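With the hints as extra help, turn the sequences into a complete structure.
Read top to bottom, the protein sequences are chains A and B.
Counting from 1, one number per residue, gives the positions in the first sequence under the numbering used here.
Counting from 249, one number per residue, gives the positions in the second sequence under the numbering used here.
Rather than coming from a laboratory, the hints here were simulated on the basis of the structure.
Please note: incorrect hints may appear among the correct ones.
Footprint (simulated), chain B over chain A, 3 or more residues, beta carbon under 8 Å [said to hold, decoys possible]:
no.: 1; region: 46 to 59
no.: 2; region: 77 to 84
no.: 3; region: 112 to 118
no.: 4; region: 200 to 208
Below 25 Å or equal to it, Euclidean Cα-Cα: the simulated DSS-like pairs (lysine-lysine) are [what the hints assert, rightly or not]:
no.: 5; chain 1: A; residue 1: Lys33; chain 2: A; residue 2: Lys74
no.: 6; chain 1: B; residue 1: Lys402; chain 2: B; residue 2: Lys341
no.: 7; chain 1: B; residue 1: Lys641; chain 2: A; residue 2: Lys116
no.: 8; chain 1: A; residue 1: Lys74; chain 2: A; residue 2: Lys60
no.: 9; chain 1: A; residue 1: Lys129; chain 2: A; residue 2: Lys116
no.: 10; chain 1: A; residue 1: Lys60; chain 2: A; residue 2: Lys88
no.: 11; chain 1: B; residue 1: Lys398; chain 2: A; residue 2: Lys116
no.: 12; chain 1: A; residue 1: Lys124; chain 2: B; residue 2: Lys263
no.: 13; chain 1: B; residue 1: Lys642; chain 2: A; residue 2: Lys60
no.: 14; chain 1: B; residue 1: Lys332; chain 2: B; residue 2: Lys402
no.: 15; chain 1: B; residue 1: Lys641; chain 2: A; residue 2: Lys60
no.: 16; chain 1: B; residue 1: Lys341; chain 2: B; residue 2: Lys256
no.: 17; chain 1: B; residue 1: Lys256; chain 2: A; residue 2: Lys124
no.: 18; chain 1: A; residue 1: Lys236; chain 2: A; residue 2: Lys74
no.: 19; chain 1: B; residue 1: Lys398; chain 2: B; residue 2: Lys332
no.: 20; chain 1: A; residue 1: Lys60; chain 2: A; residue 2: Lys124
no.: 21; chain 1: B; residue 1: Lys345; chain 2: B; residue 2: Lys332
no.: 22; chain 1: A; residue 1: Lys124; chain 2: A; residue 2: Lys88
no.: 23; chain 1: A; residue 1: Lys222; chain 2: A; residue 2: Lys236
no.: 24; chain 1: A; residue 1: Lys88; chain 2: B; residue 2: Lys256
no.: 25; chain 1: A; residue 1: Lys129; chain 2: B; residue 2: Lys256
no.: 26; chain 1: A; residue 1: Lys12; chain 2: A; residue 2: Lys225
no.: 27; chain 1: A; residue 1: Lys4; chain 2: A; residue 2: Lys74
no.: 28; chain 1: A; residue 1: Lys88; chain 2: A; residue 2: Lys116
no.: 29; chain 1: B; residue 1: Lys263; chain 2: A; residue 2: Lys116
no.: 30; chain 1: B; residue 1: Lys464; chain 2: B; residue 2: Lys442
no.: 31; chain 1: A; residue 1: Lys12; chain 2: A; residue 2: Lys60
Only some residues are given here: those of chain B computed to face chain A with a beta carbon under 10 Å [what the hints assert, rightly or not]:
no.: 32; residue: Ile252
no.: 33; residue: Arg264
no.: 34; residue: Asn265
no.: 35; residue: Ile431
no.: 36; residue: Arg501
no.: 37; residue: Ile536
no.: 38; residue: Gly564
no.: 39; residue: Met567
no.: 40; residue: Ile569
Everything numeric in this text was worked out from a predicted model, so none of it was measured.
C-beta atoms are modelled at their ideal positions from N, C-alpha and C, and glycine is treated no differently.
Listed below are the residues making up each chain.
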Amino acid sequence: MEQKILDIHDLKREFVMGDQTVRALKGITFDIKAGEFVTIMGSSGSGKTTLLNILGCLDKPTEGSYLLDGVDVKSLNRDELAGLRNTKIGFVFQAYNLLPRTSALENVELPLFYNKTITAEERKERAIKSLESVKLAERFDHTPSQLSGGQQQRVAIARALVNHPVMILADEATGNLDTRTSYEIMALMQELNAEGKTIVFVTHEPDIAAFSTRTIMLRDGKVQKDSINQNQRSAKEALANLPESDDY
Amino acid sequence: MSIINLLKIAFRALKRNKLRAFLTMLGIIIGVAAVIAMMAIGEGSKQSIRSSLSGMGSNMITIMPQSNEPGGVRLQGSSIQTLKLEDITAIQKLQSKNINGLSPVVSTSGQAIKGGYNWPTTITGVSPDYLNIRQLKLQDGILFSENDVKSFAKVCLLGKTVIDNLFPDGSNPIGQIIRFKNIPFQVIGILEPKGQSNFGQDQDDIILAPFTTVQKRITATNYLQSIYASATTEASSAAATTEISDAIRESHRLTAAETDDFQVRTQAELISTISSTSSMLTVLLTAIAGISLFIGGIGIMNIMYVSVTERTREIGLRMSIGARGQDVLMQFLIEAVLISITGGIIGVILGVSSAYLISYFLNWPILISESSIVISFIVCAVTGVFFGYYPAKKASNLDPIDALRYE
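This is the structure:
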């Protein structure tokens with residue numbers, strides 16, 4: 001039997017705003033197994049962001065259970081959540097969130113600084129390996145302003161990979177990129193997935209979702225549809241089929 | 249999270265904003281440099297006042313006559329004739345180990361004449377002890393003896409100013425005869441120049457002669473204008489003062505109800521009065537400098553607050569990749585302390601070197617005490633922690649979700 005990375009059962013999240021209670025998630029149940037490439041889709045207001053925050057251990061559910069790699073998140077305090085984010089999750093953001101005026105290598109090293117068990121040499125070694133795996137081996141000492149958007153996002157992916165997470169959590173990771181670069185990033189994601197990485201990709205673009213193996217549609221705080229993609233598109237082929245453009 | 253990692257993180261964060269870090273530091277640098285330079289100048293002038301006062305004889309005790317009658321016309325001390333030679337004898341009889349020198353003083357001013365030259369000056373009649381009490385030294389010649397005192401010998405010692413005016417041709421005055429108020433005196437010694445006193449008096453405009461000679465041949469009086477004594481050490485001057493006071497009261501036959509008809513003063517009192525004035529000045533200067541250090545601290549706080557707001561997304565990112573609240577708190581605290589301590593080090597160097605520059609170019613006395621360096625350094629570190637804490641606390645309390653989405 002395949003290992004469950006995520007196990008969510010009847011997850012609810014409510015926000016109290018003044019005297020009103022907003023129910024953002026109204027009972028969500030699903031699980032994600034190791035090696036899956038899942039996209040979570042939904043229009044704005046569907047609870048997508050709230051779910052993402054909970055999946056990323058930035059927020060805790062009001063009710064229901066969330067097991068991440070066998071750990072019950074609900075029982076953890078602020079610092080323990082931080083530790084969990086550090087060791088089990090690799091974040092990729094829409095706005096890259098790289099430190100300005102800081103080299104790619106130092107940016108990638110960052111999560112390892114918050115892990116006591118890793119020595120300085122190990123940190124550097126892993127950061128270099130991580131950058132190599134996103135094909136940026138030549139640009140260790142470039143600062144974000146010297147990199148293109150796609151390259152910046154790849155640095156961010158390298159940063160997400162460096163702590164060997166059980167899951168990569170991407171939040172609209174292609175939202176700021178043009179189609180070609182988006183496809184490049186998705187090709188990279190598919191490659192990582194083929195190597196066995198579990199990826200959870202939040203997006204609202206259906207053509208991005210087509211690259212994944214499974215899509216969960218959210219609507220009004222509930223799972224509307226949870227389907228396996230029978231014919232997953234290959235990002236590499238999609239890239240090859242794009243019309244020629246000047247920058248190639 | 250190890251402290252080395254935290255230091256590295258904070259250091260890298262500062263490196264990203266070198267100019268701003270430096271400008272923030274500038275407040276601290278100027279504050280610390282000002283504190284150190286001001287304290288060096290203040291302490292230096294205090295020290296120089298002390299040493300020039302000691303040059304006048306720091307263990308010196310002066311006994312002056314004073315009226316003890318509250319009614320009637322109050323007379324100036326020098327015209328009161330209560331101090332007599334018997335008082336000296338009474339003090340000598342004590343054989344106190346707190347007193348190691350005693351000399352009467354009888355002085356009068358007049359014209360000193362040598363050949364075609366003359367000079368208005370003062371002749372001071374003293375005993376040989378006087379030179380030790382006033383810390384005067386002979387440059388040439390000999391000192392008059394107790395025998396000269398007993399025999400009313402017409403011998404004298406001259407100060408440099410008197411020599412310059414009576415012997416402008418530079419000839420050796422020793423053995424020559426000068427006249428003071430028509431009395432011939434043989435010059436037997438030359439005093440080492442002492443320069444001006446703290447109060448602007450020329451200490452070299454002086455003729456010293458045996459007090460007996462001055463009393464008998466010039467002033468024709470039998471009272472003393474004052475008595476100079478010296479205590480064995482600065483510490484024993486208080487005890488010596490009491491002993492002298494008691495001895496003179498007894499010799500003047502004063503009853504317990506009567507007040508003193510003389511006053512005893514020590515140089516120590518003068519030193520402490522003047523150094524307290526100078527201490528006040530030091531405190532004042534240091535306080536002003538301290539204010540600039542405080543303002544430097546506020547500068548740190550201001551920049552750290554701006555920095556926390558500006559770097560909200562960075563804080564959110566750090567938290568999302570595993571930084572705990574206390575890691576963020578420590579990072580910002582260490583940044584503040586790094587700024588203040590680096591500023592402190594530069595400030596110490598700048599303060600010390602500007603103190604030396606001041607003493608070199610303006611010839612002001614300076615004294616750099618280790619305590620001023622240590623204190624301003626500690627103040628610096630405390631400033632960093634104190635003013636860095638609140639912004640750091642604010643940063644660590646941010647919610648990573650809000651921080652990440654902060655625009």
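For each hint, the structure was consulted:
Counting residues of the region 46 to 59 of chain A whose beta carbon lies closer than 8 Å to any beta carbon of chain B gives 4, which meets the minimum of three for the stated coverage. With 4 residues carrying a beta carbon less than 8 Å from a beta carbon of chain B, the region 77 to 84 of chain A meets the three-residue requirement, and the given coverage holds. Figure legend: the region 112 to 118 of chain A, annotated as covered by chain B; annotation consistent (4 residues with Cβ-Cβ distances under 8 Å, at least 3 required). Interface restraint, the region 200 to 208 of chain A with chain B: violated (0 residues with C-beta to C-beta distance below 8 Å; minimum three).
For a cut-off of 25 Å, the pair hint linking A:Lys33 to A:Lys74 stands: about 20 Å separates their Cα positions. Under the criterion of a C-alpha separation no larger than 25 Å, the hint pairing B:Lys402 with B:Lys341 is inconsistent with the structure, at around 28 Å. Taking the CA atoms of B:Lys641 and A:Lys116, the gap is about 22 Å. The hint holds against a cut of 25 Å. Restraint check for A:Lys74 and A:Lys60: satisfied, since their Cα atoms lie roughly 6 Å apart, inside the 25 Å limit.
Among the hinted pairs, A:Lys129 with A:Lys116 is consistent with the structure: their alpha-carbon atoms are about 20 Å apart, no more than 25 Å. This hinted pair checks out: A:Lys60 and A:Lys88 have alpha carbons roughly 16 Å apart, not beyond 25 Å. Our distance criterion of 25 Å between C-alpha atoms is broken by B:Lys398 and A:Lys116, whose separation comes to about 93 Å. With a C-alpha separation of about 19 Å, the suggested pairing of A:Lys124 with B:Lys263 holds against the 25 Å cut-off.
Simply put, B:Lys642 and A:Lys60 have alpha-carbon atoms about 22 Å apart, close enough for the 25 Å limit, and the pair holds. Distance restraint check for B:Lys332 and B:Lys402: the Cα-Cα separation of roughly 22 Å lies within the 25 Å cut-off, and the hinted pair is therefore satisfied. Under the criterion of a C-alpha separation no larger than 25 Å, the hint pairing B:Lys641 with A:Lys60 is consistent with the structure, at around 23 Å. Restraint check for B:Lys341 and B:Lys256: not satisfied, since their Cα atoms lie roughly 78 Å apart, outside the 25 Å limit.
With a C-alpha separation of about 14 Å, the suggested pairing of B:Lys256 with A:Lys124 holds against the 25 Å cut-off. About 40 Å separates the Cα atoms of A:Lys236 and A:Lys74, which puts this hinted pair outside 25 Å; it is violated. Our distance criterion of 25 Å between C-alpha atoms is met by B:Lys398 and B:Lys332, whose separation comes to about 16 Å. In summary, the hint linking A:Lys60 to A:Lys124 is not supported, as the alpha carbons are separated by about 33 Å, beyond the 25 Å threshold.
For the given pair, B:Lys345 sits about 23 Å from B:Lys332 by alpha-carbon distance, which is consistent with the 25 Å threshold. Note on A:Lys124 and A:Lys88: the hinted pairing holds, with a Cα-Cα distance of about 19 Å set against a maximum of 25 Å. For the suggested pair A:Lys222 and A:Lys236, the alpha carbons sit about 33 Å apart, so the restraint of at most 25 Å is broken. Between A:Lys88 and B:Lys256 the alpha-carbon distance is near 24 Å, which keeps this suggested pair within the 25 Å criterion.
Restraint check for A:Lys129 and B:Lys256: satisfied, since their Cα atoms lie roughly 21 Å apart, inside the 25 Å limit. Annotation: proposed proximity of A:Lys12 to A:Lys225 holds, straight-line Cα distance about 18 Å (limit 25 Å). Proximity of A:Lys4 to A:Lys74 is assessed by CA-CA distance (about 17 Å); at most 25 Å being required, the pair is judged to hold. Proposed proximity of A:Lys88 and A:Lys116 is supported: the alpha carbons are some 15 Å apart, at most 25 Å.
For the hint pairing B:Lys263 with A:Lys116, the CA-to-CA distance comes to about 23 Å; that is within 25 Å, so the pair holds. In summary, the hint linking B:Lys464 to B:Lys442 is not supported, as the alpha carbons are separated by about 29 Å, beyond the 25 Å threshold. Restraint check: the Cα-Cα separation between A:Lys12 and A:Lys60 comes to about 10 Å, which is no more than 25 Å; the hinted pair holds. With a least beta-carbon distance of about 8 Å to chain A, the hint placing B:Ile252 at the interface is held under the 10 Å criterion.
Annotation: interface hint on B:Arg264 holds; nearest CB of chain A at approximately 4 Å, less than 10 Å. Hint status for B:Asn265: holds, given a least beta-carbon distance of 8 Å to chain A, under 10 Å. Annotation: interface hint on B:Ile431 violated; nearest CB of chain A at approximately 91 Å, more than 10 Å. Among the interface hints, the one on B:Arg501 is violated; its C-beta lies about 89 Å from the nearest C-beta in chain A, farther than the 10 Å criterion.
Against a cut-off of 10 Å between C-beta atoms, the interface hint on B:Ile536 is violated, since the closest Cβ of chain A lies about 38 Å away. Annotation: B:Gly564 was flagged as interfacial toward chain A, and the flag holds, the nearest CB pair being 8 Å apart, inside 10 Å. Hint status for B:Met567: holds, given a least beta-carbon distance of 7 Å to chain A, under 10 Å. The restraint placing B:Ile569 at the interface with chain A holds, with a minimum CB-CB distance near 4 Å, inside the 10 Å limit.
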